[in-house]
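As they're listed, the protein sequences go chains A and B. With the first letter of the first sequence counted as 1, position 381 gets the number 384 in the working numbering; the numbers rise by one all the way through. With the first letter of the second sequence counted as 1, position 451 gets the number 454 in the working numbering; the numbers rise by one all the way through.
Be careful, since some hints might not be right.
Identical copies look the same in the list; a pair holds intra-copy or inter-copy alike.
No more than 25 Å apart at the CA atoms, straight line, and that leaves these computed lysine to any residue pairs for SDA-like [to be verified]:
1. 227 x 299
2. 50 x 87
3. 289 x 336
4. 227 x 382
5. 227 x 189
6. 227 x 424
7. 289 x 589
8. 492 x 480
9. 227 x 333
10. 492 x 602
11. 227 x 342
Hints are computed from structural coordinates only; laboratory data are not their basis. Keep in mind the model is a prediction, meaning the values are calculated, not measured.
Number of protein chains: 2
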Amino acid sequence: MQTYAAPLRDMRFALTELHDVAALTALPAFSDLDADAIATILEAAGKLATEVLLPLNAPGDAHGCTLENGVVRTPPGFRAAYAAFRAGGWNAVTGDPAYGGQGLPQTVGMLVSEMICAANLSFSLYPGLTAGATIAIDRFASDALRALYLPKLTQGIWAGTMCLTEAHCGTDLGLLRTRAVPAGDGSYRLTGSKIFVSAGEHDLTENIVHMVLARLPGAPPGIKGVSLFLVPKYLPGTDSGPDGGVGARNGVTCTALEHKMGIKGSATCQLSFDDAQGWLVGAPHKGMHGMFTMMNSERLGVGIQGLGLIEAAYQSAVRYARDRLQGRALPGPRRPDLPADPIIVHPDVRRMLMTMRVHAEGCRALGVWVANRLDAAEHAADARARRDAEDFVALMTPVVKAMFTDFAVESANLAMQVHGGHGYIRDHGIEQYARDARITQIYEGTNGIQALDLVGRKLPAHAGRSLRGLFHPIADFIENIRADPDMEKFAAGLERAFGTLQLATRHIATRGLADPEEAGAAAGDYLRLTGLVALAYLWARAARIAIARHGAAGPDQTFYAAKRISAEFFFDRILPDATACYLKIRSGKASMMAMPETAF
Amino acid sequence: MQTYAAPLRDMRFALTELHDVAALTALPAFSDLDADAIATILEAAGKLATEVLLPLNAPGDAHGCTLENGVVRTPPGFRAAYAAFRAGGWNAVTGDPAYGGQGLPQTVGMLVSEMICAANLSFSLYPGLTAGATIAIDRFASDALRALYLPKLTQGIWAGTMCLTEAHCGTDLGLLRTRAVPAGDGSYRLTGSKIFVSAGEHDLTENIVHMVLARLPGAPPGIKGVSLFLVPKYLPGTDSGPDGGVGARNGVTCTALEHKMGIKGSATCQLSFDDAQGWLVGAPHKGMHGMFTMMNSERLGVGIQGLGLIEAAYQSAVRYARDRLQGRALPGPRRPDLPADPIIVHPDVRRMLMTMRVHAEGCRALGVWVANRLDAAEHAADARARRDAEDFVALMTPVVKAMFTDFAVESANLAMQVHGGHGYIRDHGIEQYARDARITQIYEGTNGIQALDLVGRKLPAHAGRSLRGLFHPIADFIENIRADPDMEKFAAGLERAFGTLQLATRHIATRGLADPEEAGAAAGDYLRLTGLVALAYLWARAARIAIARHGAAGPDQTFYAAKRISAEFFFDRILPDATACYLKIRSGKASMMAMPETAF
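Given only the sequences and the hints, what does the whole structure look like? Please build it.
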């Protein structure tokens, strides 16, 4: 059974104990916010997730989306849920108040997203893609386009998409063929086909605003000839009525729905643009700027999808492990009153549950850190503070995207494994998590692309300046705890792992500069190593807080004791992988690249 | 696209170069066999796999099995394929010649199985389950039952099943409730329900012979009160006609088909036994002996399923990586004549392909080793040689089952990742591998149960005698290559990994004896460590052969060069995980077991 209740206590820990919520609410943009107000918002989002979205998750998977005569219908219940979602203002959490948004911090938006994705990943993609389109329009479009579209998108009256991939090109967008020709009135006419368009067509909103990459006549070849266009499903009409005021139908149609392994409640569309009217967003041939602006936002979002799935998988597995009676505890019956002990007594079941648990709590801690820095990047008063925060977000975006989604797939599979044969049967809803999670390693840039982004773009940028935002706090913290006898295990483990990260960074800086294939060969393990060290730092800090709060009473006592045990489990059972990552990096590219293509 | 051609060259390498085919064919049972004859058989099996079974794999997944009025139909084409399979004698490869079997070595049977599973895992389960039933009947049933059933089962005229799990118990069969009461005529009447019965009902054979665990009246509680029964779908009639001579319908019916994540071409049934006539197999209350006999054979078989899937995933990914054009090689265009380079030029794609490749070749090498020992255990002239071989097979069975299937799931997911978004779309057939592979970690005892079997049963058996069969050849080989400058890298890596395995063994022997939860907490990582060390040993031996054959000409030159590169990749990129396993084992049970149940 799919089970989910918002992990509000751990969210509060990450927000207010591990990280500095006062620094967040001290930003001028958030001056009327405090920790209690945030807690109230999160509680409401949790209620929505559990009560409205979770019940639609398994049925949405079973029913899927349908396409008939160009009309896409989302699974039963999605329309009503979207209406409630929009009425509750959940589209607009972080949106600009100038357009009807609530103007809340990205940090709050991230935790709200975590809950929505945990409850129903397919549903989350409809508002999720809108957010990306909104950002690109806000940053790059003309004032007229902004005034026309941003209120509708911000409030979720209309939805948005990203139309990037074509059948012959995904990662390499320079190969795309969709063409845009000037219409003479300042607009353009687009013709071509796009695939893998999430929420490309659906029945949740009257209008859908497509952000489309296409080539202008005479555009240079490759990605330097790609421009970004806004192409609405319906041309805007007179602004009235619940549909937001749509006019004539534009020349964009859904020609097919993809049949996918998972996220079946999400309409993944093939779209055909036939002389569709569109407007340029940003400068001609500079479409990749807009694309990357959407993409970076989406990449963090996909990482948070992973976090949500980890938590959902964990909770479902815990419930089953408590209920399912099989065998006896190895040292002897724990529940002699029952025909068998619940399987939660077995070490291997514990291993799986604890792994999911520390993935969830660790990724949440790291996610809040990055989101806090994203808020600082947008709102800090000081330019240098903004720049440093931006560097950190840029550095950690591929780590969040790739590591969180790797952990999500691992966790979903562990939850299945806890369920045994029942996990493999569709009726129990657990295998859905594994199928849904699997896309997160692929879309918005495969995890291999994330690793290349980290070592090829983020590391060398500004002569390695970005790393400081990660390395300095870790180095300082190690100094801080070195003398603390309670922290001995954590200090030693963190220092060792941090040491391998420094060595690995040097390896890439020296060998990767001379030979980019050396950097490429190290990339995946370097990303994981970076992520593990960041997690180790956060777990060590969490342990220190838990140790300090050791005397707490009531539910807090349980919480801090559990937090400390979880921190120890991370150091015992997860962090050793950092050593393996380092050994693999050090081995270099030779055996990875030596095989002649014909010998495979 | 699903792609598969039998890897005959690497099979020949494993059979005749890495292992000692002469020792195999010197066994009296196989005196009329030689390497060439085996090669001919494997070639024919490969042809069957590619031409008959592979084309049914994706359609079988899409169509699935159907149940109507108690009648189960397999996907279109399965009946004809099964008829061809049986006519070709493929059911009977390792079967007893006394019953119409071909009496070929288990080693040959294993490689044939690899190919069948690679081409169509769902199909493979129909003959696969029959094999387990045949073994149990052969070993434990009365002469009359053996005479009646073994010819039919051996030749695949009838099929077999194992009916173990009930809704409330899977791993813990002591809880089962199906009852058998004596009918007064030497037979019994069985009543109860079984779930997860692979091939429990289908249209490939007229009759199906169920091996059913049930309780006799007054049976002791738990697994010591479980007996094994033979319950045919049709009672045997007069032995004639193509159906093998079936009589009256027995009281066993399929009440439902499970809807599963994958292996949809395999009918996984809920069976209801209603006063069904059955015959005791083995002594009363000793059903677990028969069950484990079937199960151990099935566990090796499931490992080989994993091997087949690794190879299929690998080949499909290689094909796509050669064809798909995206981006340019990091040092500069490799194919300037094309709009982009094939993705096989990218280090991360290489990493994925090489990982799958070394999983396939390494597991094949280990699988042939174990199968060779299984043949020796059955046929060696000397009792001590048989015992030693049996020890080795017992020790390595959980390793083969769990590690091969873990690698299969990893490889299937890597193949999807190589395909990017296209891997997630059902039409391309790649995500099917990931869904199909996932069951192999669960059925016939979850991989967690395999690990417990290794540390709880196999390690301590006969005061640790079983380990010798693994440790001695490794220690001898390290001594052998220590002075060889060409083997320096392999000797050093193997020695280091072997050292950690010895330390880990001591850890379990000392701490696990005093506290079984310590053994349980170490079990999963210990199994993987054992497997990695066995693979490292085989890869080092493969490297030595490849180095010695360095001067070979023609296709052999490519083969040995590739083998050496693969061996280096294993030592560079896979073996470092052994270090992480050891560090995890050493951390002990504390943080894994400390969390109070209520704190999860």
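Results of checking the hints against the structure:
For a Cα distance limit of 25 Å, the shortest separation of residue 227 from residue 299 inside one copy, 19 Å, qualifies, whereas the shortest one across copies, 60 Å, does not. In this assembly of identical chains, residue 50 and residue 87 lie within 25 Å of each other by CA distance solely inside one copy; the values are 12 Å within and 58 Å between copies. When the C-alpha separation of residue 289 and residue 336 is checked against a cutoff of 25 Å, the pair qualifies only between copies, where the shortest distance is 23 Å, while the shortest distance within a copy is 67 Å. Proximity of residue 227 and residue 382 under a CA criterion of 25 Å is satisfied in neither setting, with 31 Å inside one chain copy and 69 Å between copies.
Taking CA atoms no more than 25 Å apart as the test, residue 227 paired with residue 189 passes inside one copy only; the shortest distance there is 22 Å, against 84 Å between copies. For the homomeric pair residue 227 and residue 424, the shortest alpha-carbon distance between copies (24 Å) is at most 25 Å, but the shortest distance inside one copy (51 Å) is not. For a Cα distance limit of 25 Å, the shortest separation of residue 289 from residue 589 qualifies neither inside one copy, at 38 Å, nor across copies, at 54 Å. In the homo-oligomer, the alpha carbons of residue 492 and residue 480 lie at most 25 Å apart inside one protomer (14 Å), although the nearest pairing across protomers, at 38 Å, exceeds that limit.
Taking the shortest Cα distances, residue 227 and residue 333 sit within 25 Å of each other only across copies (18 Å), while inside one copy they are farther apart (64 Å). Proximity of residue 492 to residue 602 under the C-alpha cut-off of 25 Å is restricted to the inter-copy arrangement: shortest distance 23 Å between copies versus 47 Å within a copy. In this homomeric assembly, residue 227 and residue 342 come within 25 Å of each other (Cα to Cα) only across copies, at 15 Å, whereas the closest approach inside a single copy is 68 Å.
Against the hints set out earlier in the document, violations occur for numbers 4 and 7.
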